[in-house]
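Participant: Chains A and B, in that order, are what the protein sequence lines are.
Residues 1 to 353 in this note's numbering are what the first sequence lists, from first letter to last.
Residues 1001 to 1159 in this note's numbering are what the second sequence lists, from first letter to last.
These are computed hints drawn from the structure, not numbers from a lab.
Each residue gets a CB set at the ideal place from its N, CA and C atoms; glycine is no exception.
Heads up, some of the hints might be wrong.
[Stated by the list, open to error] Beta-carbon label-pair distances, calculated as ranges:
(1) D335(A) x M1001(B): 40 to 50 Å
(2) E22(A) x T1144(B): 33 to 43 Å
(3) T87(A) x E1005(B): 51 to 61 Å
(4) P74(A) x T1094(B): 46 to 56 Å
(5) S322(A) x P1131(B): 30 to 40 Å
(6) A1053(B) x S322(A): 22 to 32 Å
(7) P207(A) x A1029(B): 22 to 32 Å
(8) P250(A) x I1130(B): 29 to 39 Å
(9) N19(A) x T1094(B): 24 to 34 Å
(10) S258(A) x R1143(B): 50 to 60 Å
(11) E22(A) x T1057(B): 48 to 58 Å
(12) T1057(B) x V76(A): 27 to 37 Å
So you can see what is in the structure, the chains are spelled out below.
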Amino acid sequence: LKRNDLNRAFGPAPEEFLNRVEDTLNHLEERNMKRRYKLTTLVAAALIVALLLAGAGFAASRLKLFDYLNGSMPIVPLNDAESMIQTELGFAENELIRVAVEEGVYDGYGVLLKLNVSAVDPEKRLGSALSLAVGLATEEENVLWVSMPKAVFIDENGASARHNSVYNEDGVVVSDLTSARTAQEEDGSMSFWLSGNEMPVNVEELPLLLSVMVTEDVNAVKPEELSMELSLKRAGEARRAHLVFEDLSPFENLNFVSAEVAYTDVRGYLTLDYIYQPNYMQPLNLMFNVYDADGNALSQADGWGSDGPEGRRSERIEIQSSEETPGRLILEILDGETLAPICRVPATLEPVG
Amino acid sequence: MDREEFASRVRAIQQQLYRITFGLLREPADRMDAVQEAILKAWCNLPRLRDPALFETWLIRILINECRNRQRYQRRFVPTDAVPEPSAVSDDLTELRDAILALPENLRVPVMLHYMEGYKTDEIAQMLRIPTGTVRSRLRRARTLLKNLLDHSEGRPED
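Start from the sequences, fold in the hints, and give me the full structure.
Facilitator: See below:
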């Protein structure tokens, strides 16, 4: 790979692009003014959102920890799941906000947390006078800011709605006030639901770092950070099973290394370990859906994945739990970009332990 | 760093900035918006840059984040069959470009930063906030995939 060839392959930047760079550089102060105006508009928009949410305050204030799971593909926890919830997990405050972690659960595979953030000054309503962001990470993560690709964070779809976001010094979105996982309470405080499943599996106690960023200054790019440590004890036992696929190479260049499902009373987790090296014109990446033997959907093309060497990838998908381990599941493979189904692969389940 | 130096250092890497946006965003208008936003963010946050020597790396990191934010917001990525754009480069180079753009993003960005822009693996690790070993393994994987893509392309019957 020769650098000159590579650079020539992309051609020189077009005139229009260079003109935009030049124009930006020539009007930095002016643009700054516009930017401030834009950010002011942004916070005004956030205020509208806050007021709209406040209008739905009654409904919002009744939400509980498991309401996080009421997404577009609802997961209904089993009857015993309520008893796994831990309460009053921690409290922290600075001169601007108070943070209380009200409820949480760690079932050995995933974490759900509900926290409440309120303004110290009752005149200030969060989301209008104060802008804030919340992030959470496992102990191993160096939490300097809420970073979207990290393990656990506010709702990603919402966070990417950049027009209602605050950025950190690296230009990373750190806050979003229109996330489906936030709600304004009647007293003006805000509740946040955090969820994640990319963490140590089945440890007895899971230490976590919670980071809340807050700012009064709408022009501040890096808000003040309030951090706290907390830990969740593992609750409940998972029922695990291996998936035995009828075809380990359901289509070209995809090979399953292992697949395991773990059912807890909160939700189910399907962990897939596979190798996929796409050829020209094959989908660049894959996603998966899970169906029961009758063809009912148990997940919705979502999950957390990590890349390994040589095309190896590990993916964990949250699915509806089950009191008893079913005998059979169907895995649907989709094009990761278009979400077009590629094929369905039946698997039988062999209980572990 | 004063405004003049800031502008001069941005101008010095504007071709790099263009190529990075090309690799990450499909629409020319998005590329221009992304680079403008990145320059403004860098300018606004200049006092926070501790080591001015790292300015270029820092600006590129901001630009990559800006491009990714736009991708997520718009829910679209560079598809393999949607890259062609009028260019004055030869067919061989077009194939090379298309092959690079056909790489998954997690491989494409390290390839562009390393082989095109000449950044070292530890600098790329800093920009992408991933371990240096991961950068190296992604580069290895990208080379293999690029070779496959180009071999396939060479062996393709002509239309």
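Participant: Next step is simple, just say for each hint if it's right about the structure.
Facilitator: Here is how each hint holds up against the structure:
{"no.": "1", "hint": "D335(A) x M1001(B): 40 to 50 Å", "result": "45 Å, holds"}
{"no.": "2", "hint": "E22(A) x T1144(B): 33 to 43 Å", "result": "40 Å, holds"}
{"no.": "3", "hint": "T87(A) x E1005(B): 51 to 61 Å", "result": "55 Å, holds"}
{"no.": "4", "hint": "P74(A) x T1094(B): 46 to 56 Å", "result": "48 Å, holds"}
{"no.": "5", "hint": "S322(A) x P1131(B): 30 to 40 Å", "result": "38 Å, holds"}
{"no.": "6", "hint": "A1053(B) x S322(A): 22 to 32 Å", "result": "57 Å, violated"}
{"no.": "7", "hint": "P207(A) x A1029(B): 22 to 32 Å", "result": "46 Å, violated"}
{"no.": "8", "hint": "P250(A) x I1130(B): 29 to 39 Å", "result": "30 Å, holds"}
{"no.": "9", "hint": "N19(A) x T1094(B): 24 to 34 Å", "result": "25 Å, holds"}
{"no.": "10", "hint": "S258(A) x R1143(B): 50 to 60 Å", "result": "27 Å, violated"}
{"no.": "11", "hint": "E22(A) x T1057(B): 48 to 58 Å", "result": "22 Å, violated"}
{"no.": "12", "hint": "T1057(B) x V76(A): 27 to 37 Å", "result": "48 Å, violated"}
Against the hints set out earlier in the document, violations occur for numbers 6, 7, 10, 11 and 12.
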